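A.B. asks: Going down the list, the protein sequences come from chains A and B. For the first sequence, the numbering used here assigns the number 80 to the initial residue and increments by one for each residue that follows. For the second sequence, the numbering used here assigns the number 3 to the initial residue and increments by one for each residue that follows.
Just to be clear, a hint being listed does not mean it is correct.
Each computed DSS-like pair below joins lysine-lysine, with the alpha-carbon atoms no more than 30 Å apart [as the list claims (entries may be wrong)]:
#	chain 1	residue 1	chain 2	residue 2
1	B	Lys9	B	Lys126
2	A	Lys176	B	Lys223
3	B	Lys126	A	Lys81
4	A	Lys85	B	Lys126
Computed spacing ranges between beta-carbons, pair by pair [what the hints assert, rightly or not]:
#	chain 1	residue 1	chain 2	residue 2	range
5	B	Tyr6	A	Asn110	57 to 63 Å
6	B	Thr129	A	Val311	35 to 41 Å
7	A	Ala242	B	Leu315	37 to 43 Å
These aren't lab readings, by the way, just hints derived from the structure by calculation. Everything numeric in this text was worked out from a predicted model, so none of it was measured. All C-beta atoms in this analysis are idealised placements derived from N, C-alpha and C, irrespective of residue type, glycine included.
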Amino acid sequence: MKGVLKTISVFAWILVLASMLAPLMPLPDPNAVELGQRLMPPFVNGHVLGTDLLGRDLLARLLSGTRTSLLVAIAATCVSLIAGTCIGITSGFYGGKTDAVLMRGVDLVMAFPYLVFALAIVAVLGPGIGNALMAIAVVNVPFFARTVRGAALELAQSRYVEASRALGASNARLVLFHLLPNLSPTLLTACGTTFSWMLLETAGLSFIGLGAQPPHADLGTMLSDSRRLMLVHPLSPLIPGLALVLLAVSGNLLAARRT
Amino acid sequence: MKLYLLKRIVLLGPVLAGVTFLLFALMELVPGDAAEAMLGPYATSDNVQRLRSSMNLEAPFPERYLFWIQNLVRLDLGEAYSIGRPVRDEVLERYSATLILAGAAFAVALVVGVVCGVCAAAWKDRTIGRLFSLVSILGISIPSFWLGLMFISLFSVALGWFPSGGIGAIQGKGGAGDLLAHLFLPAMALGIVSSSVIAQFIRSAMLEVLVSGYIRTARAKGVEGFQVLMSHAFRNVIPSILPLLGLQAGYVIGGAVYIETVFQWPGVGRMLVQAIQSRDILLVQGGVLILGTSYLIINLITDVLQHVLDPRLSK
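Please model the entire structure based on the sequences and the hints provided.
C.D. replies: Below, the structure is given as structure tokens:
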């Protein structure tokens, strides 16, 4: 069992490294259309994975798509982490009315099924990969805010915070030098669990046409492109999907190891 | 108990007010002019002005919100300009399709989740139990839309067992059999993915209960293994999984958006995607509103059910 998981992680790291180094590799332009080379099978004319409906090299597209998906997921996690941590710390540290108001706001966002709320945000901002990123990040803010608030509430009551307050430390100092460092394990675990989710959801928004716009691709748009070929090439969604699953599995494994 | 139920229903009021306000305010942020967007190439300044005043767009924000709420209470959500029919009719028509899909997927998730979770807890030291941790991590990492595509590849294209999309055969006789055949793949794709979270939760809740004293007593009295598992252990796990089921219902409702796109299921989710692409804000509002309200009601039901099953919570 451990062996299987290890193999998956190794493959995922290879994929991540390859996608990051793709611009340096001797690969064709992932968006270069070459209609004479449409639907080439693998290993023909130097196309390792073959070509798609418009003759674009599938390996180059896979690597650049993986890179886009990864970067979008990481960025969404960061946005949501920062916003959620600010709300959570303010809420947990100050308590009282501030806490009540902020948490009712969080409850309000959580009253929607999260993907449906993300769609409402995309409706406002318009389709596009940056907007999909923001939408997915916003619907995840409540998750971070609640987790951080719980931990901050506990830490704010602790002896060492009380001691440094007695020594005359300002609120800013207490938050920056006492709360934040002690919150970091909680934050890391939360990031790990949300990263995979962000990866799948941003790919999902691209898949339904609300994320990355042509000619740029992430793994979601690649899957949606492959749908058109399914009657002739039933296995065309296999590779982009496997890449997505590989990355998500290793993200979840990292998170599971931390807990 | 009755008091709790009353309290929950009364509390639903402010939540609904908040949700509708948030939705209305969000749609206000849409860039551009609604009247201009609706008129398209006919958007001369005269026409825009006329449409704006007829749509009550000139009024201040609070007034428009109240106006919108008044119409909402009368179930009048306006006219969807991209399809040229009332939003209410379109949304309600598609809502039944979404309910069928989400309901079936939820049933699949529940059955698969309970069976796998209980088995993984019962045989935690056997191969099945250990295999479970691997499969469950895979389960939460597989996107439902990809699973749907692979199902189509395998069961529709290669094997030809099930139709690849739609809610009924175009030239078919209709009926329950036809619906079930079309429902099977989408419900499976959506249900299996959300079952892994349920299974994981049930497994850990079961493992906690299985070491408690009354289980040992039951076993010592000679109660059979299966009976101990189901009527002693699992029965006590049920109240604690209810809130998770509420959350998973939200996941299924959201995931239906993807699955409806993959299988061309004529539900609210697919309508939402099309409405966003044609920037039909009223239709988006209607779709989000009905899915959001369903989610609120489902969570109300699971909450109340939890209190019915575990009266200690009400005290």
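A.B. asks: State for each hint whether it applies.
C.D. replies: Now the hints, each set against the structure:
1. B/Lys9 to B/Lys126: 42 Å, violated
2. A/Lys176 to B/Lys223: Violated - the C-alpha atoms of B/Lys223 and A/Lys176 are around 55 Å apart, more than 30 Å.
3. B/Lys126 to A/Lys81: Between B/Lys126 and A/Lys81 the Cα gap is close to 16 Å, so the pair holds against 30 Å.
4. A/Lys85 to B/Lys126: Since the Cα atoms of A/Lys85 and B/Lys126 sit roughly 21 Å apart, the hinted pair holds (cutoff 30 Å).
5. B/Tyr6 to A/Asn110: 57 to 63 Å: 59 Å, holds
6. B/Thr129 to A/Val311: 35 to 41 Å: The hint (35 to 41 Å, Cβ to Cβ) holds, given that B/Thr129 and A/Val311 are roughly 40 Å apart.
7. A/Ala242 to B/Leu315: 37 to 43 Å: Taking Cβ atoms as reference, A/Ala242 and B/Leu315 lie about 38 Å apart, which means the hint holds.
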